[in-house]
Each structure stands twice: as structure tokens, then as C-alpha cells.
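Trainee: Modelling step: build the complete structure from the supplied sequences, incorporating the hints.
Here is how the chains run, residue by residue.
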Amino acid sequence: MLEGVAARSRARRLRMVMDLATVEASLLVRSVLVLAGLLAGGAVVWVLLSPTQPLWWNAGWRTNGGQLVLAMTVLAAAQLAAGRSRRDGMADLYASFPATRCTRTLAHLIGLAGAAPASLVLLGAAAVAVQLRGAIGAPSIAVLAGGLLLVIAAGAAGIAIGTRFPHPLAGVIGALMLFVTGATTHVASGAAIWLLPWEIVDDQLGSLPGPLAGYPPAGAHASELAGVAVLAGIVALALTVRSARARAALAAAGLLAVAVICLAGAMQLRPIPTAALNRLVSEVADPASVQQCTTAGQVRYCLYPGFGRDLPSLEAPVGEVLAHLPARPPQALTIRQATSLSLDSTFTHGHSQRQVSQWNAQLQRAPGNAGAATAVYLSVGSWPAGGGQLADARFDVALAAADWAVRLPLPIGSGQACVPLDQAREAIAIWLAIVATHPPAGELTDGLRGPGGGMQAAEVQNTIVQVWSPPGIDAGYLTGSPPQFTAAGYLLARAMTSLPEQKVSQVLSGAWSTWVNQRTTDARLAAALGIPMPTVPTLPGPHPGLGAATAPGPGNAPQSPQCTT
Amino acid sequence: MDEMTLNVRTAAVRVDGLSRRFGATRALDEVDLTLERGITGLLGPNGAGKTTLLSILATVSEPDGGRVSVFGLDPRDAAQRVEIRRRLGYLPQELGYHRHFTVAAFLDYVAILKEITDRRGRAEEVARVLAAIGLERRARTRIRALSGGMRQRLGIAQALLGEPELLILDEPTAGLDPEQRLRFRELLSGLPGDPAIVLSTHQADDIAAICPQVVVLLHGQVHFTGTPAELAATAAGRVWAADERDGRAHLSWRGADNRWRHVGDDPPAGAELVAPTVEDGYLLLSHAAVSHQAGAR
Chain A
1 MLEGVAARSR ARRLRMVMDL ATVEASLLVR SVLVLAGLLA GGAVVWVLLS PTQPLWWNAG
61 WRTNGGQLVL AMTVLAAAQL AAGRSRRDGM ADLYASFPAT RCTRTLAHLI GLAGAAPASL
121 VLLGAAAVAV QLRGAIGAPS IAVLAGGLLL VIAAGAAGIA IGTRFPHPLA GVIGALMLFV
181 TGATTHVASG AAIWLLPWEI VDDQLGSLPG PLAGYPPAGA HASELAGVAV LAGIVALALT
241 VRSARARAAL AAAGLLAVAV ICLAGAMQLR PIPTAALNRL VSEVADPASV QQCTTAGQVR
301 YCLYPGFGRD LPSLEAPVGE VLAHLPARPP QALTIRQATS LSLDSTFTHG HSQRQVSQWN
361 AQLQRAPGNA GAATAVYLSV GSWPAGGGQL ADARFDVALA AADWAVRLPL PIGSGQACVP
421 LDQAREAIAI WLAIVATHPP AGELTDGLRG PGGGMQAAEV QNTIVQVWSP PGIDAGYLTG
481 SPPQFTAAGY LLARAMTSLP EQKVSQVLSG AWSTWVNQRT TDARLAAALG IPMPTVPTLP
541 GPHPGLGAAT APGPGNAPQS PQCTT
Chain B
1 MDEMTLNVRT AAVRVDGLSR RFGATRALDE VDLTLERGIT GLLGPNGAGK TTLLSILATV
61 SEPDGGRVSV FGLDPRDAAQ RVEIRRRLGY LPQELGYHRH FTVAAFLDYV AILKEITDRR
121 GRAEEVARVL AAIGLERRAR TRIRALSGGM RQRLGIAQAL LGEPELLILD EPTAGLDPEQ
181 RLRFRELLSG LPGDPAIVLS THQADDIAAI CPQVVVLLHG QVHFTGTPAE LAATAAGRVW
241 AADERDGRAH LSWRGADNRW RHVGDDPPAG AELVAPTVED GYLLLSHAAV SHQAGAR
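These protein sequences, in sequence, are chains A and B.
In terms of the working numbering, the first sequence opens at residue 1 and continues consecutively.
In terms of the working numbering, the second sequence opens at residue 1 and continues consecutively.
Keep in mind that the hints were calculated from the coordinates and are not lab data.
Computed from a predicted structure; not experimentally measured.
Hints should not be assumed to be uniformly reliable.
[Claimed, not checked] Interface residues of chain A toward chain B, partial, derived using beta-carbon atoms under 10 angstroms:
(1) R13
(2) M16
(3) L20
(4) R84
(5) R87
(6) A107
[Unchecked claim] Some chain A residues flagged as far from chain B (calculated, every beta-carbon gap over 10 angstroms):
(7) A6
(8) G89
(9) M90
(10) A95
(11) P98
(12) L132
(13) M177
(14) S207
(15) A248
(16) L269
(17) T274
(18) S282
(19) L341
(20) A361
(21) N462
Quick reminder that beta carbons are idealized off the backbone N, C-alpha and C, glycines included.
Mentor: Written out as C-alpha cells, the structure is:
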């Protein structure tokens, strides 16, 4: 009979816990804090993802940067909920209810399910955005689950804090601590960065040509977060439970959770398998070994597996440049992906110094690092999916193809970029890129100004020369340094665009070999086209309001070489 | 009927030698008390130990010594304590509120904590208590928008949830206007199921109006247990009406008829004896306790 009473009592308590958890979950779903966290997390995801190519092995991890922000607000909201009765002066009343503090805490913990919709909405929105932008690769369930577990673990921590410290400031401090761990991952070294709640600063996921086994250790990290969530829940319950038997059971469960966390930590600190790193280094140092090449219009496009999606947006601008060429150079053009991956300790921990040196030596031979480039190299992960960034990237590729067409050097991996000072082929290359991609005039003109609004200059042959930067050049769509274009060359190209294309083509076709000769001057080209040489504004000296020319004074810095090839 | 309810027909609350200290202060000192079903009024000055006693009866705090039995159940046993709480409605003296909750949401939340787990039953119960305290039109109002009196009624409403067999109300009429106090009396008088109700108050007229039993607690000790009439009777022959004030009275005040009412042992000159009230009885008990304590020092 007593057993029956106890069973009925337990059933009643269980129903009560579930009802209370439902209410707490619905309060969490409607929480202004959680909603704010969702919006802020969405903004963070946007900021982290929009400048980069949607590579799933990178985007999934970045998405959870937004989950970190959501987790902060869930922590604060959960702390407020757990401390509600004491903060609102209702502890005495609550103590008179059949629901004990322990059962209420259990309901709060179950009610954390109310944070899941916000986390899933954030995840879903990010996934849709990544897919719509043409995702490369496939999402990792372990990575995405890690984001959800991060939110739940933060909520459990908030409940543990709120159970002991009901003041709202305790939740704010907890959320800030979570933020600090996310913002200071650079303090940790090697694989230790993966032990922190979430790392979004110091990894090189965006530079990988594909997913790398064991990097990041997402499954182990998800296990760690699950362990932390359970441990925080156990701490919250231990603060409220009264019976010695229950305390003993919680202690045992806590030890188990700590063991899971330690095991997960140890797994995250495991070195990346040598075979996986060998493969990565080989893919980076010798991309031809894995890249798939396609030839279109006698141009070879070589891309890593999975990046074929980018081919049409590469072919179009290059094809347009080729279509305007009277003649092609004898050597073929190759456009190839390359990556500037550097093997830091997050990759190489646990491997011998000798092995690391060997890998680094191999990487030094990567095509993107060569002083004289034989191909146009595209940075892995930088090719944008659309919008103005894609327009800039297309212009940069068109300009690189035009450089090849007029025999200017291709972007080089090391050494100082040359300046095609007073070389007609420079204006022709810029003109070709403009007619191939039609970028907005304003963006082109912006290239005359430096970052501070002043004019940019370079020193060549002991002369300060005003220079021009193509749009998007700082975004690094191409690896290496292209020739340093002059303002005079750009202004002449702009003047050429005011002429009918047919007329320019006729002039160029008439003496193509002359025009691509490095000795043919801008003035000669202008004269042939029947246009006056544009006036290059004089370089202002340091003057408040005008900005300053960003060039070293004569003799104060290494000079840029003339382009002679 | 299970064994938890076997003792329902015994005294609702039995207190034996109950003691509670707060540092050097003896809040309750060997209190013995038996409370039957029906309404019991608890009278006493501030600091007499009323709130301490009620919080112990409500299983919120534990005594240092003595025993409490509620419906035959011992609150020291965890399972029996939960069973007591299942039969309990409690209004603490100082109750905060979740101010961002609506009235209905708050009551629903409390109903869950009282293990009213059937959703429809809970909604009906919330509607019932809202109607009982006249807040049904405020169901969707946030608590922060309620007046002090409305919040006090809400506090009473939460105590009524689940039709408790033991209702402990610590100063429930504080903050209520005269009409609300009368409605409160009506409410308590009409509660179904013949519950045991213990209410503490400073309003002697509330006690006189609705409490068949009254307990006077002074300095942590029970000084009187009986009916309001018996309490009033303790002052028989010691309440006088006179035209002039008499300094020998324990307490004197001018009434609405412009005559002085004296409560004391010695009649003023030209005074006439008047019928004592519960308040008079309480005042004399209180005065006697103060004198006794002063003498003991």
C-alpha cells in the first residue's frame, strides 16, 4: 500500500515537473533576452559569413559564432528564471509548495528545451543563407550539433548560477565570462583553442581546400559541451537537493560528466593524423595533383574538387577579355586555385619539429609562393557568391587575364610588385577589364584614393608616381601582388572607355605587337586614339583635410621596379 | 482513503512545546496549541512570534524544539512534509510577485507548483479563485499594473488554489480597503470543505467578526486561547466611559461620542462601566504581559 502511495506521489511530481518545464520553456521561447540574442547572433553570423565563400567546413563552425552570442543571452535568461523566486521575494511562498527547490530546478533544466527553437532558427537561417549562396561541401552534423549544445550548456550554467546567485548581475557576469572565453582564444595555444566553449578567431578553416579529418575536432567538442551541460545541471541540482542519497547520486553523475569532459578534452588535444596532414600539404603544395582542370577558350581553369560551381563566374569575365583581344600571347593562360595556408600549432601539435619543417618546406614550394607566377592564382575560400563583391572579384580576374594578354607580369607570390610606368599596355589591360566586366565608374575612381582618403603613390625610378588600386584588390580574391597600376594608366583607360569600342579595337588591332611592347608610351596610345593625355592630379603634400600621399619620400624606401617583361 | 489521510478527523494542527530562536531572541517559547477546523485568529503585537509560528506551520521553516503535527502528519519527515504541503494554502506576510507575469499566468504557475497538473482542471481552478477574489476581469493584466490592494487579493487567491484543507494567512487584510475586508470575511466564511484557517491580523474587529477561535501570542508565548467572546470577557469590569481623561488607565482614547474610553483596573471618577470588546481584552492581555516581563527583569 505504501509503495502504491509513493508511486502515485512520484507520478504526480513527474507530471508537475513536466508542466512546469513546459511553462519555463515557453517563457524562454518568448524571452526578450533570447530574442535579442537570436537577432544579435544572426548579425554575427552575417558578419562572419558574408565576406567569405560559403564553404561548409568553415561556414558551420562560423555559424556557431552566432550561437555563442545566443548562448550568452540564454545564460542570462536562464539565470533570471532560476533566481526568480528568491529575487522576487517569493522564496517563503515557494517553500510551502509540494514542489521542492530540487524539482523546480529540474523543471528549469528541462525547460531549457525552450532555447532550442532560437538555436535551430539561427542554424536554419544560416544554413539557408549558406545554401542559397552556393555552398561548397556538406554540413557536419557534429559541428552544427555543437552550436545547439553550446546554447544548452550555457543555459544550464545560467540555472546553476541563478540557483545560487539570484541577482541579475550574476547572469550578466556569467554571460560576459562566456564572451571573454570566445574572444580570447588567441591566448590559448595549439589545440587548446578547441577546449574553449567556441573558437572563431584563430582557426584556418577558410583556407582549407576541403574538409580535413580531425580539424576542427567537432565530435569531441560536442561531447565536451554535452558534458559541461550535464555537469552544470548536476551542480544546479546539487545546490537544491537535501537528501544525502540524492547528493551521492548527483556526485556520481557529476564524476561521470567530468570524465566525459576530460575524455573529450583529451580527444581534442590529439594530433591530427600524419596521413591527413600529408594529404593536406600535398594538396596545397601541389594543387595539380588533386585539382580538376577544365579548358575553355584555350584557358585552363584548375579548381579543387567541389569548387566547380565557381567555374561559370570565372569563365565569363576571362572570356570577355579574350573576345576583345586582337591576338593572344604564345603561352597559354592557366587560372588555378591556391591557398596560403600556414601550418601553425593548431595543425602541427603533437608532431615532431622535423616533420613540421618538412611540411613547411613543401608548402614553400606551393605555386602561390613563387616569385614569378606562371598562372593566375585564386585564393581558396575567397571567391564571393554574389553582389558587389562578386563584381569586384570578376574585375580582378579580368584584369589578371588582361595583364597576361598584354604581357604584364601576373600577380607574384613574393618580392615587390612592378610598376608599368608610362606603358601603354597598362591602360589597355585596364580598358580590357573594364569592357569585360563593366564595373561602376565610382568604384574605379575610388581606386585613386588611399585608405585615409589621400592619394596613393609609389616610388619608381626616383619619381613619386600616383598609383591606382583596382576595386576589391584588398579582398584578396587573387593570391600574390599584381602590378602596381598607375593613376595615369587608369585615367587613360577611362578616357578610352568614352570612345566606341570598335574604334579602340581597330586601333589596337592595327599594331597589337607595338601596343603590348613595354616601350610604347601612354602618350603614343592617346595620340593613336585621338584623345588628349589625361591630366594626373598633382600629389598633395601633407595637408589637413586633403589627406596625405601615402608614399615614402624619395630615397627613404625601396623603390618599385619598372615592369619590364 | 490512504494512510496519509487517516488522521483527517483529528485536530487539524497540534503544536507541543514549540521553540524557535533567532540569535539571542526567543521568537517562540514552548508554545502549545491545538487548532481545529474553522477559522482561528492569531492576535499579537509586532515581534510576538506570529509570523514565525505561521511559517513553521506552513513547513517553510523548522523549529529548534518541540513538535508540530498537521492533520496527524509530521513535517520533519520529507514525505509527510510534502503531503502537508499538498493540503496547504499559504499567504506569507511579505509576498513579492513575478511582476512581469499576468494575473492568470501567475496563478497558473502557482497551481502547477501545487501539483494541479490537469490542464483543464487548472484553468477552471484559476478561474474559480479569480472570481472568488473579484479579479476575473484582471486575468490578463500584468501584476506590475495592479494596485497594492489587488496584489494582496492575488496573494489570497494563490493561497486558495486547490481548495486547501489548511489555510495559513499572515496578515491577509493588510492593504485591503474596508469593502475588500468585508468581502474577504465573506470569502473565508463561504469556503467549501470546512478547512482549518489560521489568520494573523492586527485587526481585532476582523477576529471578532469571523473567528470562532482566537489565540493571543505575546513574546513568543500563548497567552490566551478561546472564543472572541471569551477574550472580550477577560476585560469585563475593566472598561469604562467617562467625560474626563484618567491618567491611571492603561489606555484611554476619546470616542466618537466625545467621551473617554478607559481600559484599566481602576475606574475614573464618575465613569460608567461599558461592555468590553475583543480589542479591550487583547489590550489588557498585552499590557499584563508587558508588566509581567518588566517585573521579571
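Trainee: If I take the minimum Cβ distance from T274(A) to any residue of chain B, is it greater than 10 angstroms?
Mentor: holds, 58 angstroms
Trainee: Quick one: work out the minimum CB distance from S282(A) to chain B and report holds if it exceeds 10 angstroms, violated otherwise.
Mentor: holds, 60 angstroms
Trainee: Beyond 10 angstroms from every chain B Cβ: check whether that's true for A248(A).
Mentor: Label holds. Min Cβ-Cβ 16 angstroms, cutoff 10 angstroms.
Trainee: Was L269(A) rightly flagged as not at the interface, with every chain B Cβ beyond 10 angstroms?
Mentor: With a cut-off of 10 angstroms, L269(A) remains clear of chain B, as the shortest Cβ separation is near 45 angstroms.
Trainee: Does the nearest C-beta of chain B fall within a distance shorter than 10 angstroms of the C-beta of R84(A)?
Mentor: Holds - the Cβ of R84(A) comes within 10 angstroms of chain B, reaching about 6 angstroms at its closest.
Trainee: Far enough from chain B: is every CB of that chain over 10 angstroms from the CB of M90(A)?
Mentor: violated, 5 angstroms
Trainee: Once the shortest beta carbon distance from R87(A) to chain B is found, is it less than 10 angstroms?
Mentor: holds, 8 angstroms
Trainee: Verify the interface restraint on M16(A): the C-beta must sit less than 10 angstroms from at least one C-beta of chain B.
Mentor: holds, 5 angstroms
Trainee: Would the non-interface assignment of L132(A) survive a Cβ cutoff of 10 angstroms against chain B?
Mentor: Consistent with the label, L132(A) stays out of reach of chain B, its closest Cβ about 38 angstroms off (over 10 angstroms).
Trainee: Examine each Cβ of chain B, and state whether all of them lie more than 10 angstroms from the Cβ of M177(A).
Mentor: With a cut-off of 10 angstroms, M177(A) remains clear of chain B, as the shortest Cβ separation is near 26 angstroms.
Trainee: Can you verify the interface hint for R13(A): is its Cβ closer than 10 angstroms to any Cβ in chain B?
Mentor: Interface hint status for R13(A): holds (7 angstroms vs cutoff 10 angstroms).
Trainee: Taking C-beta pairs only, is S207(A) more than 10 angstroms away from all of chain B?
Mentor: Check passes; 48 angstroms lies beyond 10 angstroms.
Of the numbered hints given earlier, the model fails hints 7, 8, 9, 10 and 11; all others are met.
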